[in-house]
Structure formats: structure tokens, C-alpha cells
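**Student:** Each chain, written out:
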Amino acid sequence: MPANIKNAVLAGLVAVLIFQWRAPAQDDSLGRQAQAILAESCYGCHGSGQQMAGLRLDTGVRAVVTPGHSADSLLIKRVNGTDGPARMPMGAPALSAEKIATIAKWIDAGAILPAPARHWAFIPPVRPAVPATSRPAWVRNPIDAFLAARLDREGLNPSPEADRATLLRRASLDITGLPPTPADLDAFLADSSANAYEKQVDRLLASPHYGERWARIWLDAARYADSNGYEKDAPRLVWFYRDWVIDSLNRDMPYNEFIIDQVAGDLLPNATQAQRVATGFLRNSMVNEEGGIDPEQFRMEAMFDRIDAIGKGILGVTIQCAQCHNHKYDPLTHEEYYRIFAFLNNANESDILVYTPAEQAKREEILRRTAEIETGLQHRNPDWRERMAAWEDALPAQPAWRTLELAVDDISTDGQREIPMKDGSMLAQGFAPTQHTVKFTAKTDLARITAVRLELLMDPNLPAGGPGRSIHGTGALTEFRVEAASAEEPAKFTKVKIASATADINPPESVLEKKFDDRSGNRRVTGPIEFAIDGRDDTAWGIDAGPGQRNQPRKAVFDFEKPVENSGGSVLNLYLKQNHGGWNPDDNQNNNLGRIRLSVTGAPGAVADPLPDAVRTILKTPRAQRSAEQDQAVFRYWRTTLSEWSAENDAVAELWREYPEGSRQLVLAERTDDPRVTHILKRGDFLQPDREVTPGVPSFLNPLPDGAPLNRLTFARWLVDRRSPTTARSIVNRVWQAYFGTGIVATVENLGTQAETPSNQELLDWLAVEFMDSGWSLKKLDRLIATSAAYRQSSNVTPELLAKDADNRLIARGPRYREDAEVVRDIALEASGLLTDNIGGPSVYPPAPSLLFEPPASFAHKTWNVAEGPDRYRRALYTFRFRSVPYPALQAFDAPNGEMACVRRARSNTPLQALTTLNEPVFVEAAQALAARALKEGGTTDRDRVAYAFRLCTSRVPTQAERDVLLALLAKEDARLADGWLSAPDLAGLKTGADSVPAGATPRRLAAWTAVARVILNLDETITKE
Amino acid sequence: MSCQDHLYRGMHPRDVSRRWFFQQCGVGVGAAALMHLLAETGHAADDPLAPKAPQFPAKAKHVIFLFMAGAPSHLELFDYKPQLAKFDGTLPPPELLKGYRAAFINPNSKLLGPKFQFRKFGKTETELSELLPFLGEIVDDVAIVKSMVTDAFNHAPGQLLMNSGTMQFGRPSMGSWTLYGLGSETRDLPGFVVFSSGAKGPSGGDSCWGSGFLPTVYQGVEFRTGGDPVLYLSNPPGVDRQLQRDSLDALKQLNQMRLDVTGDPEIATRVNSFEMAFRMQAVAPDLMDIAKESKETLELYGAEPGKASFANNCLLARRLVEKGVRFVQLYHEAWDQHSNLVKDLQKNCLATDRAAAALIKDLKRRGLLDETLVIWGGEFGRTPMVQGGSDGRDHHPNAFTMWMAGGGIKAGARIGETDELGFGVAKDKVHVHDLHATMLKLLGFDHTRLTYKYQGRNFRLTDVAGEVVEGLAA
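Protein sequence lines, in the order shown, are assigned to chains A and B. The working numbering puts the first residue of the first sequence at 1, with every later residue one more than the last. The working numbering puts the first residue of the second sequence at 1027, with every later residue one more than the last.
Computed Cβ-Cβ distance ranges for the label pairs, DEER-style:
| id | chain 1 | residue 1 | chain 2 | residue 2 | range |
| --- | --- | --- | --- | --- | --- |
| 1 | A | ASP685 | B | PRO1120 | 19 to 29 Å |
| 2 | A | ARG657 | B | ASP1177 | 46 to 56 Å |
| 3 | A | PRO420 | B | ALA1111 | 35 to 45 Å |
| 4 | A | GLU513 | B | LYS1321 | 51 to 61 Å |
| 5 | B | ARG1305 | A | ALA961 | 19 to 29 Å |
| 6 | A | ASP685 | B | GLY1497 | 22 to 32 Å |
| 7 | B | ARG1305 | A | PRO847 | 25 to 35 Å |
| 8 | A | TRP981 | B | ALA1500 | 55 to 65 Å |
| 9 | A | GLU513 | B | PRO1077 | 50 to 60 Å |
| 10 | B | ASN1484 | A | ALA86 | 26 to 36 Å |
| 11 | A | ARG723 | B | ASN1484 | 25 to 35 Å |
| 12 | B | ASP1177 | A | ALA92 | 28 to 38 Å |
| 13 | A | GLU513 | B | ARG1145 | 53 to 63 Å |
The following residues of chain A were derived to be distant from chain B, with all beta-carbon distances above 10 Å:
| id | residue |
| --- | --- |
| 14 | GLU98 |
| 15 | ALA117 |
| 16 | PRO131 |
| 17 | THR181 |
| 18 | ALA194 |
| 19 | ARG481 |
| 20 | ASP538 |
| 21 | GLU565 |
| 22 | GLY568 |
| 23 | PRO604 |
| 24 | ARG636 |
| 25 | HIS679 |
Don't read these hints as lab results, they were simulated from the structure. Being a predicted model, the structure only gives us computed values, none of them experimental. Beta carbons are placed, not taken as given, at the ideal position from N, Cα and C, and that holds for glycine.
Same shape as in the complex, but just chain A:
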């Protein structure tokens, strides 16, 4: 019975949903009566909260009714007690005859439930008419009309326009995240043109700092951080993604494209590096590299996190609620959740090489010059084709290799997981120990074994595609050992002596790079394959051929001194010692092999095939059918075998020595072979897969376009479909939140049925439609908001207005609130003149207490080399973000740590914040620098200097009274310095080298001014947008 009901419920659910969408307009009073009875007596056990026997009547009543036939309907039978084990409602008084009759009548009439009122946010927005208001003169654009109409209803008046300095500071902080300079202020104050303010807004929107400010807001939703999270929390390289966000926003990339690139950039035709980098959005999920984890379990966690980020960050719907069960409130089913999941499930967790524009140019130059040299060779040797063909024909035959089916000794991996792949290879995932010896065991029925071949294979889940797990995608093999036993006596292993080894790469001996320092003090080297059979732990076979050439498959062959001969087959133990990593496995110091395959042969004298796999593959195509590129690829290898061309070969090698290192970036890359199947996971548990599902979208949202392939790109396009009811509303609501402090719907992450009622739905809808009609341009939206009369209001508040609208939801005044963490820091840096304002690049390490990065504060040692140069004072956006050890000065001001998507920050006001701005080293250095700046640039009198410093921080000139307070402090501390109570060099930071004493000043004066500057930097107004 329950199984039947479940199936029926599913069918019914679909039917009901379809039905509800097309509900005819008719008198549904009977339906309402029936619904009321069901709600009162049935929904308690068969409703949104509980679904006893899998039955949910509020959405799936059709499972138990046969429309038009009440007597045949299970519902009637059960409430009458004529069928089933117990009369319904179970354990409660029977329904009255009258109520049962009503239900029967309703069933006989077709069992039509009244069409539920659809939640406003699930109906696509239409552009509302702009309302007329009582104050047309105040209205600058439709935003104002919508707000004014509401103020009219509330009997409130808008506030007067803010003064120019306040307005420019507000717009500067909102649009660029930086306060205006005195020159900016002076220019604006002196501009008497009618559109002076609009010109400032346009200037700010064109500033490259716009992208930095708004990137930070997006990065919260994208849960950006520079480390993997969980216990190890090792650093990761993802700043190319951060820079892509900055750049895209600066270029005003249409928001729909911005989303498509991030969700499926890799699937766009001829995807560029930038489009692949954009998928880093999905890869910002955490990665658990703790020893002994099951990588699949945490891939699932990452998948859940991605869906959560898409829900909160793009759709504005809390879809993650349906991970374990049907959504309790919104019409989203458990199955629909996994149909979304299926769109995202078929991808590799890749980590690709990426290059800056300068590096790209360098690469192209190297490729071009290489081709020139090769063309020159071909030109001077017109018979090259014939010679190459002769070489190819003379290539020795390859021995037959038989792939070993490997079993791994779990203990030997030291917590690394070896995952068997379909081609017989093993892929190392999860924790990466820096020193371990993995033991594989394999049985073979080959009667005679003369050699073992080790292949190092590429894999999209390895750094830079592999074949190793090091930061370069390389690895090192310290020692290779084999033991053999007869299959008949599988316990009696004897050591197999390896006589010789060959490999397709034999680099010269070289000392390990610093990253792999094991703190033993020993000289540890990599070099030719002999190093893997020399019995020494300090030598290893290395495969790092340098940038541009290191990420390719490699192979080695180990020839036995005597063949292993067992007529009944043999069991082999194969030990791969990998000891060439560094001392700290929690800091990306492994030098492990990534994906390996082992095979055996009985052929005598086997050697490693010197030809690269790519060339070997081409040779399988008959010569006449090869393309010009394929010929060129074969030529590229063949020429290196000719000693007579050593000059040219050396010239090419020389060129490639300049090949750029590049950086890496986590991306999502669709799997081309072996596509993954998605199952519903019971209770969200990956160990409890239920039935299979295909990709699909929730039925309460817009449908997929007809005939579109069911892949991630279609899903990405669906997210930003013009018909999406929530996508545009969600982003305009968040942009509104960034300007006014609270969204039009305050619950910006959730516009669903549990969302807060919009403070002005017509305005939200108008903005959403206007946004889409304006080509999804964020800058146009910014301009619209920033130039509205509403935004220009003074933020001063009267007790009356505070009483009426404490949270300023009606916008009868301008916004006033403490700035975001990063802006708080950047204001201090900009005002003091310390800011290094270059854009982009690797994340930086400003001062932080070193104890944070050592146990027992941190799980393990983390590298944090405090920047001494210009990077000490970069914008806070660029501060390296360890998830498990958040940067304290930002954490104190509520910066999220990237463990999950965040679209609305807290805004607390705590003593830890006071301690930070008063005492934290960078804020103190800012005070010292601001003091020096005031002395240097602030004019000739102390009154002028106070005003200057004050204006740098707040954009306004202090009042007489304010000046007097600061001058009194200056006089008092100057006297205390003179009396020796305070140390001038300490206070002025002259020992820490923050600044030298400005001309005409003394250390004492600089110290006294530091005290004053510190107070100004700590003003509520300095860290607040007014």
C-alpha cells in the first residue's frame, strides 16, 4: 500500500500542479469547503510537516480520490472506516456525516481544489505603471515615484537633499568602496553645472575601483576564499576568478552573460581562458583533504554547496531545503532538487594552468618562433617527409603489455585514496601525504614476467591535469620495488631484483625546489629513472620538464634480472615509494604520483617507449590520412632525435626555457566520457541512492526552452531566462541592499513563500523589468539608483521618523550605516595615503599575529609571510583568505569566511571592533601616516592641519567645536610627550619605519599628531556611510 500510494502521489502531484496552473475561473466554494475539512483533520499527518505513509494531501490529494466517483475513492472509504486497517483520521474522532457528505459531493463534482494564490515572486515580473505622486518636483526618476507614492500613503515627507560633501562621499563609498580625495571634493564643490552630481556618478562608475567594490559583494555570494577549508585548509589558487569578477564588472558585462559564464563558461563554443576561469564560481566550494576521507562524500558536499550558492546567489530561492526532503514551504520537491543536481553532476573538479595577458603573449611568441625554426628546417631539408617516413617505418615493435588489476593496501597510502579507474589505472585523491610508500597487489596469469611498466597518466582532476599531484602537476618516484609469489603459494613472496630501468624522460640530477624541503637538511634530488632503483631515499626519478612541457603522460619500464616464472600465474606486490615531498603535508608540499597504471610483459628486453603518447596515437592513423597539424606534431618529436639538427633543437629548447610559469585556477570541466548518473539521495545521504533522475527544473519556475539539450549550459541559460520570475528580482534586490542597507525584500537570499513581504513590490518589479530591458546592465542600474532623489536625501533622522520607520524601509531619508569590513580598512588606508591601489594579482599577506597560523590556534602551520612592501597596504579585497583562520581585522567587522554563500552580511557593533581600529597594527600605521600627511600637506596652522586630516577621513570640514576637541588633545599629548610620559618614537612609529619625520616637524610633533589622527580614524563617522 505505501509504495502504491507513493507512486500515485507522484502522479497526482504532477497532475495537481498542472491542474493548478490552469485552474479555470469558476465558483470554487465547494472546493474551499473540502479544503477546509482536509486542512483541519488530515494535513497534520499528511501535509507539509509530515507525510505518513508517504501521502501528502495538501498537494497530492488526487492520490486518494477518483474524481467524479466518491464511492470508489479511497479517501471516502478511509474516513468511513470501510477500507484499510484503521478509520481515518487515525486516533481522532470520526468526521461528521455532514463533512463526509461535503467531501463526497466535492469528489463527485470533479474534486477540484481552489486554485491557490500563486506566491507573488513565482510569477514573472511585469512592468508596473509609474504612479502619480503629490510631489512631482521631487521625482527625478521612476524609483522616486514609487517611493513617493508610498510616502504619500504613510503621510511622510522625503528628507532634504544631503549636502554635496556627504553626497559625494556616500556615492564614492557605494560605487568604488573608497572615500573621495580632497581634489575630488573640491572639483565637485566648484562645479556649478546642473548635472554636476550625475557627472560624478559617471566618473565613479567608470573608475576601475568600481569592479573591486562590487566584486567583493559578489564574492560573498560566490563564497570566495583562498583556501580549501576543513581541517587541512591548504591554500588554493583561485585569484584569477576573483580578477575575472572585477574585470567583468568593470566592463559592465551583462548580468545574464556574467551568470552563464560562471555556471557553464567551459561549455560555450570555443571557450576562452576567461570563460573557463569563470566556472571557478562553482569550484569555490570547500575541499576536504583530511586523511582517510572518502572523496566522493565531500564531492557531494561540494555539490550541495553549489546548489545552495545558485539558490541564494542567483535564484533568490532556498532550494537547498529540498536536499533531504520536499521543501516544507515552497513548491519544490526532493526529486526536483536532484534534477537540478543532475545538471551540475557531470563535471570534473579541474585545476588548470592560466596565464596573464603578458604571459599569453610570451607563450604565443615562443610557439611562433618554434614554428619558424621548424619551418626553416623543413625548408632547408626538402626531403624531410621521406626521411621521417623511413624513421617511422624503422621504429621497433612495442612489446605486448598486460594491464594489472591492482588492489591497494589501505594502510600503505597514509590516508590518500587510490581510486580504481575503468582503464585499470589508479587515481590518487583526498589527502596527499608528503612521504609514503603505497603498496599495490596484483594477480596475473602470465606465466613469465620479464618487466613491469609504470605509466603516469593525465587526469582532469589533477593539478594542471597531472600526471602528478604536486603544485606543478608533477611527481617523483623515490623507489620502485617488486615482490613476487606463485599464485599457488600466494604468501611466499620473494624480492624481484630489477636489473635496469628505462623511461621516456630522464632529467639531469637536480636539487629539489624549496617547496619540497623536508627539513632533514639532506641533499635530496630528482633525476633519471635509475634513481628509482638505486636503493636510496634521497634520490628519485623526476618528471618535471619545466613549464609548458611538464604536464604530459610519462612511462618507465623496469626489467627484471631474472624473469618471474610461475606456470599457474603470479601474485605481485608493487611498492611505489614517494618520499620527495616537504615537511608539511598540510601546505601543498606533496610530490606524489597522480594517476598510475601498471602492466607486465613476458617479452625480453622491453624498454620504455620514447615516443610521447600523443605522437604514438597519431602514428596509428595511416600517413596519407594525417592532417598537417598531425604531421607537424610528429615532426616536432622526430627532429629531436636527429643529432645533425642539434643547433636548431637547442635553439628551440632555449626558447622554451622562457616559457611562463603561469598560475592555476580551480574550474569545472564537463566530463566527456563516462557520464555520471544522478540518483535521488535519501535524506541527502550519498550512501543511500534512490532512483535515477534526469536533468530538469522545478515546475514552479520557468520551463526549459523546448528542445534544448539537457546540459549545464542550458541550465545556465535557463537561470537568466527573461521568463525567470526570481533571477532579475533577486539581483536588483541585492543591489538595492548595497545602496540602502536593506533589500526591498529584506530576506534577499529568499524570495519564496517564507520571504519577508516586500516593502515596495511595484518598485522591485519595475526595477527588475527595467534591468532586463536595459540589457541586464548593472552599471545602468547603479546609475539609476545613485542618481535618484531618494538616494540623495540626507540621512539625518528625527526622533519622529525614527519612531515611525526605525529601519528606513520607506526611504524617507538617506542610508546611514557602518561600512563593510573591507571598506572600513580601505578608508583608513586611503585617508592616510598608505593605499596601494593597483588592481588584481595574487592575494596578499598584510600584518597579522603569527600565532594565528601556528598550532594550537591553527590546525597546522600555515604560511603567512607578512608583506613589507606595497602589498602591505593593498585593498582588503586582496587579503589572503584562509577559511579556518579568518583575517582578524576583517572578521571583527563581520566579513564572511567563505564557508557558504552569503548574500547578506551582519552589521554588528562590538568592543572587538573598537580594539581593532584602536590597536591593530595596520590601523596604527594608518594613524601614523595620516599624522605625517597632515603635517606635510595640511597647511600652515594646526587648525588647518586638523581640518585637513578630518576631511581626509570624513570628507567634510570639522566644526569649530570639533576642531577644539582635537586641538585640546593635541596640546595635552604634546605636553605629556614633552614631560616624558610618552615615547615619541614609539607613538610615531619611527622604529617600525612607517614614515620619516616630515620636513619642519619633530618626532614629538609627529607623535602628538599621531594621537590626534588615531582619534579621527576611529570616529563613528569615519567608518560610516552617511
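Since the structure of chain A is provided, determine the placement of chain B on it from the hints.
**Tutor:** Using the frame of chain A, we list chain B on its own:
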């Protein structure tokens, strides 16, 4: 941790902070004006950290959680298994391992007999490891649960589950829930304080004491035993206490002037934040100075002034509770004995046994034990099967031991039993959710009713599970 949701409670984020100081720290200028404003808006009584009455009369007012991170071996410390000793070196019964996943080992590894002797302690004749003689002295005051189970077998997820009731990030920790429910009794110190000692830091990192979607005022604050007890607590070089006072006075005057112009009550809160920071600068270093304790007390704990140790942290926990701090958590991440089981357990017990027992004794003699719940335990247990040669055990979620004392815990209670090999629970299973439910009950809460609405749903520490362990409460 910082991404949260006040609005579902009908509170603006700003109000949360605004109200924090207002009542307790009415020292700020403009307080009278603010009082007037807030009284008019009806907000005055709504301070998120003000002490609050629980739902029911409570036994415990404070919690000290001694988090033995890394997961101590129940088999060497609490749960002696003669059969495990007997079958040492043999493979476990296959039916035991059905569906079992292990972190490092092949589950089908040989059994490893207990590595230490056990003896009986106290009037309750409780069997404990020879490594825990100090616990033996107070064992009659302690309740022991040998039937703990959890869902996680990796450290970070396990620690998150033990702290927040879920393996997922982004949920409030138990300290945050407690502070949310009860508020703080101290005006000069954070209400939820965290210490860390041991060889490593907690695997779950900062999220172990995060406030999740609760307001950030409920987040745990790390106290450091070297340098500043709280980050940036000391004045910077060249700034003495007088200059700090002068600076705050100037700030107060200037902020007041701005308050008069803008009318924004948040400014008054800012003034109060600075004043509390100033008080904390005086109070916290004094509190951290254990040299003020008697020689006898220092010896009781094995504490040494100036040294970073678990013993010092235990003593500091008592000092914090005396000052009204609601929840203190001590992490000692040292118990992950995949190898070196014998030596490391000896070392860890030397470092922790005496101090943990001293904490109970000290709280008791000061009359604080009745209102202070002390909990000792890690995130899971260890396998009866060996890891490596003969000196290690892997992660094991199916059975482990924790102990509790004070705060309404029934002294001498013994809850649960494991099977003959210490592999699974044979009697009275206690899930982490049940521990949380019990802890909340002792603090005066029905765990199903201490909720916070976030993203349209009511969340609680016990997620959708948890039953109070009746035998634990006195």
C-alpha cells in the same frame, strides 16, 4: 559565522548591536537621549546579550566543555574489554563489519587488545584506566556515558557535529546557542570564550565556535595564552592608559556631536563599544594572570604561570566562570592516535588528567560545581581494530565515551554499555543530539523549543532529532 539573519526575528541587524550595550552600559553620552528614542520605539528591553531566564528552572548556569579533539581511545581509557584482550591479533567477526566504513584502515584488520591496565576507583567502584588516577579521585562526582555514537568519522565534520549538531558548516555552535538562550552575565568579557592547547589546532577551525546564522554577538571569542589574551587588547607601542583614556574621551565628545546632528542611535552604541573595550583592556589581563592564585591551587591543577598549557586553561576556565562567562570551551587537539597509541596516550593523560580533575575539585569547593556543567570528550572513538603494526587505532563513530559533572548531572551515573569488543553500543545508545538535548535541558531549555528562524525555517541545535538522557540528570 557572520552571515546571518536577524530579520526573521523581526530585528534589524543594527538593533542587535544597538541594544547590546544600551541597557548594561548606560555610560555613554547621549544615553538619555537614546533612552528616550528607544523608549518611544518600544525597543528598550530587547538586548541580545542581557541575561535571560531560561524556559524552565535550570540546574546549570555555565558550561565548561573540555573538547578532547582528535578523538581519544575509549578502549584504553574508560571501556575495558576483556574479550578484546582475548581476541587480540585475530580478525573481527565479519557480521560486525557489514556496511562499516573506516577512514584509514581496511576494516577487516586484526583486533588490538587494550594497551593499559584498568582498576577500580571510588565508592562507585568505577573501572578506569591506570592513565587516569586523578579522574579516579573524583569519579564518584562524575557521570560516565560509554554509549556515545556520532555520524561522522572524519575530524572536521565530527567536530562540527559535536559542536553544532550537523556536519555542515554555517550552523551555530552550542556555545552560541547557549548565549542566545541565556545571554551573558558579564559586561566586561565575552560571554563565550575559547582556548586551545595541544599539538595541533582544532580540525574544524574557527567554525567550531562560530555563531552560524545567529547574530555575531553570540560567536565564541578566542582567548590566547601567549601575548594578548584577546587580539589587539594591548595598546599599541607608545600609547599608555592615559592616552587611551584621553583618546576615548575625545572620541566620545566628537561622536556625541555627530549624534546630535544625525540623530542615529547607532553612534551611542559605538561609544559604548569603545568603553567596553577599554574596560576589557583592564579586566582581561588581570583575569589571565594566574600568578594571583594560591600555590596550592596552582599545584592542584599543575598550572604554571606564564606557560601555555591545558592545565592553565582549566584554571582560567574557572576564573572566567567566576566572572560570569557563560560558556567556556577548551580544545586540546592531541588524541588522534593512528600510531604511537601507548606513548601519546601517556603523554596526553599526563597533560590533562590532573587538571580536568582539579577543575571539578576546585569548582566544588568554591560552590560553583552545582551551577557549572563540565563535559569531557572528543568527536568520536577509536577502532577495536589495529592500525599499522600494533600501536594505533583508526577513527570510530560507532561507540565512544564521554563524562560529565556538575550543573545538575547525577553524580556517579553510569550510562550505556558497548558490546564485548567495544565496537558498537549494546545498551542505551546516546547520540550527539541526545547529549545536546540533555545539556540544554540542564540549562533550562526544551531543545525543540530553543529555535531560530532562518531562511524561512526554524533551526535548533538538535536539528530534527535528540532525546534527553533521563538518567544523566540528578
